Amino acid sequence: MTELNCFGETCPKPVIRAMKALREPDAAGSVRVLVDNTVAVENLKRLAANKQGTAEVAEIEGGWAVTIAGVSAAAAENPAGEEAALVEAGIACPVPEAASAKQQVTVFVGSKALGQGAPELGHILIKGLVYAMSQADEVPHRIVFFNDGAALTCEGSELVDDVRELERCGCEVLTCGTCLDFHGLRDKLAVGGVTNLYAISEFVLGPDKVVTL
Amino acid sequence: METKVKLTKLVDCAGCGAKVGAGELAQLFEGFPDVRDPNLLVGFDHADDAAVYKLRDDLAIVQTLDFFPPIADDPFTFGQIAAANALSDIYAMGGRPITALNIMAVPEDMPKDAVREILRGGATKVAEAGAIVAGGHSIYDAEPKYGLSVTGVIDPANLLRNDAAHVGDVLIYTKPVGIGVLTTALKGELAGEAERELVEGLMCTLNRAAAEAARPYRVHACTDITGFAVLGHTLELAQGSDTQVELYADTFEFLPGVLDYASMGILPAGVYRNRRYAEAEVEIDADVPLAVADVLFDPQTSGGLLFAVDAEDADALEAALRAASPAVPAAQRIGVVREHDGGPRVRVRAHRP
Numbered sequence: 000m001t002e003l004n005c006f007g008e009t010c011p012k013p014v015i016r017a018m019k020a021l022r023e024p025d026a027a028g029s030v031r032v033l034v035d036n037t038v039a040v041e042n043l044k045r046l047a048a049n050k051q052g053t054a055e056v057a058e059i060e061g062g063w064a065v066t067i068a069g070v071s072a073a074a075a076e077n078p079a080g081e082e083a084a085l086v087e088a089g090i091a092c093p094v095p096e097a098a099s100a101k102q103q104v105t106v107f108v109g110s111k112a113l114g115q116g117a118p119e120l121g122h123i124l125i126k127g128l129v130y131a132m133s134q135a136d137e138v139p140h141r142i143v144f145f146n147d148g149a150a151l152t153c154e155g156s157e158l159v160d161d162v163r164e165l166e167r168c169g170c171e172v173l174t175c176g177t178c179l180d181f182h183g184l185r186d187k188l189a190v191g192g193v194t195n196l197y198a199i200s201e202f203v204l205g206p207d208k209v210v211t212l
Numbered sequence: 000m001e002t003k004v005k006l007t008k009l010v011d012c013a014g015c016g017a018k019v020g021a022g023e024l025a026q027l028f029e030g031f032p033d034v035r036d037p038n039l040l041v042g043f044d045h046a047d048d049a050a051v052y053k054l055r056d057d058l059a060i061v062q063t064l065d066f067f068p069p070i071a072d073d074p075f076t077f078g079q080i081a082a083a084n085a086l087s088d089i090y091a092m093g094g095r096p097i098t099a100l101n102i103m104a105v106p107e108d109m110p111k112d113a114v115r116e117i118l119r120g121g122a123t124k125v126a127e128a129g130a131i132v133a134g135g136h137s138i139y140d141a142e143p144k145y146g147l148s149v150t151g152v153i154d155p156a157n158l159l160r161n162d163a164a165h166v167g168d169v170l171i172y173t174k175p176v177g178i179g180v181l182t183t184a185l186k187g188e189l190a191g192e193a194e195r196e197l198v199e200g201l202m203c204t205l206n207r208a209a210a211e212a213a214r215p216y217r218v219h220a221c222t223d224i225t226g227f228a229v230l231g232h233t234l235e236l237a238q239g240s241d242t243q244v245e246l247y248a249d250t251f252e253f254l255p256g257v258l259d260y261a262s263m264g265i266l267p268a269g270v271y272r273n274r275r276y277a278e279a280e281v282e283i284d285a286d287v288p289l290a291v292a293d294v295l296f297d298p299q300t301s302g303g304l305l306f307a308v309d310a311e312d313a314d315a316l317e318a319a320l321r322a323a324s325p326a327v328p329a330a331q332r333i334g335v336v337r338e339h340d341g342g343p344r345v346r347v348r349a350h351r352p
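From first to last, the protein sequence lines are chains A and B. Under numbering that gives the first Met the number 0, the first residue of the first sequence is numbered 0, with each subsequent residue one higher. Under numbering that gives the first Met the number 0, the first residue of the second sequence is numbered 0, with each subsequent residue one higher.
One chain only, chain A, in its complex shape:
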């Protein structure tokens, strides 16, 4: 069995090391963690329950040995679990990752207007569409603003509040950094994070359905 000496380590560290150790095939579903504080003991007990395993606590010199056992390979890999059950029970706000196994959607927004035609109309349309998405039962997994669309997440854009609502509902909001720099908007970003083309290439080639507006 894998043994981890976590003496001198606080809060998330012992749990994170135990999680990583459980993922190793050598661990075979169990790990013994030596800790010197009760917070770590309690946190490790929760980890064991989360992974549908057992936790046994033994006092040792200067601390405790927590033995987590009976964790299946699938449970060791799976980062979530309980939250889905909570969403079902109506206790948690649905977060997209846990909500369902349905294919997730990444939306790309490359312009300040939706469709060809009068730019004013196009802008009204994109504003309406982003609002509608923010009110949907299932918001997109991710929305990426690029090219002229980058201005939509910046100060002065009428869409900022609706994009914030999307983000609050669990949609990852990103804007292309190259585009922000090109338009001199890097300091003006008002919602979401900044991304780059390496990450964008992963989004395009990744498992999500990709929709470009």
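Quick caveat, the hints were computed from the structure, so don't treat them as lab data. Given the structure is predicted, the values throughout are model-derived calculations rather than measurements. All residues carry an ideal CB built from backbone N, CA and C; glycine is no exception. There may be inaccurate statements among the hints.
Subject to a maximum C-alpha distance of 30 Å in a straight line, what follows is the list of computed DSSO-like cross-link-like pairs (lysine-lysine) [as the list claims (entries may be wrong)]: (1) A:K44 x A:K19; (2) A:K208 x A:K126; (3) A:K111 x A:K126; (4) A:K187 x A:K126; (5) A:K19 x B:K5; (6) A:K44 x A:K12; (7) B:K144 x B:K5; (8) A:K187 x A:K111; (9) A:K12 x B:K5; (10) B:K111 x A:K187; (11) A:K111 x A:K208; (12) B:K111 x B:K144; (13) B:K144 x A:K12; (14) B:K5 x B:K111; (15) A:K187 x B:K5.
Reference excerpt, derived from the structure (chain B facing chain A, CB under 10 Å, subset only) [as the list claims (entries may be wrong)]: (16) T183; (17) G187; (18) E188; (19) L189; (20) E192; (21) P255; (22) S262; (23) G264; (24) P267; (25) R272; (26) A290; (27) P325; (28) P328.
Cβ-Cβ distance ranges computed for the label pairs, FRET-style [as the list claims (entries may be wrong)]: (29) B:H350 x A:I59: 39 to 49 Å; (30) A:D180 x B:G129: 29 to 39 Å; (31) B:R275 x A:L204: 46 to 56 Å.
Take the given structure of chain A and dock chain B to it, following the hints.
Relative to the frame of chain A, chain B by itself:
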């Protein structure tokens, strides 16, 4: 400006998680000289957010002090969070901040630009609050710490205490819950950049807009929810007002992922400290999941305001808070104030009836 210091790597406890437990504090002050002054409207004995001293019938000063080790890696962000957190106590009393003094401890070898950025973060938030940084004090210390002592003013007639809730009041809370768990997940590198921005943005948000939105309504009691968590601060409100509070787990807005992190045991030490302190007076129904209960004991650095508002004004206050979004990040109607039935002061039910 490049400041490469990862501040949270320098500390053990982050933010309000570093707070000394409420029960421990009460013991520390036992047997101290008991000096009374009728002008001291709110002092030690009240476990309230700030001290209030009456100068004239229509004027009192509100004083508070708050500081903690870094809760964000970026010095400018840390400065802003510390200031928003310190200013919050003034808003929780219904006051208006006027001056602030910096309190700072820094390692001697910390880059000067990082130190400057912390102070700039604080100054930025104090300015946003409409107050002035009037001075301060700094010392060298192995672990960085920053915060402010803030002075505000208030007409005593408008004072919002945390011990004056009425039976029948509705409880409304203004920030999503789970700040401590999410910052712990960030420290453990489990959460990503999007979550960092979300939680840091939340901690940097002043409670000013929430306090201003509430002014026209019959708010009987108010407190900010910080280190002692939702349940610790609610308990203080229930005890102080000699009432009982009923909270509904399904009415809370939890930050994304925190219930997952909580169920995996990514919990800051403060969760257990708060649990120990409040447990005897808090009854959590068996059908409330452990992860939810844990997050309700989670320290909320720079958390939101909790209002106990007259039931007739609850809809209007909720609407006013929602209208002030995003300056007011949330408006959750988390429970009600009831007559104390002799049992635990706070009861958590899974669902709102």
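List of violated hint numbers, smallest to largest: none
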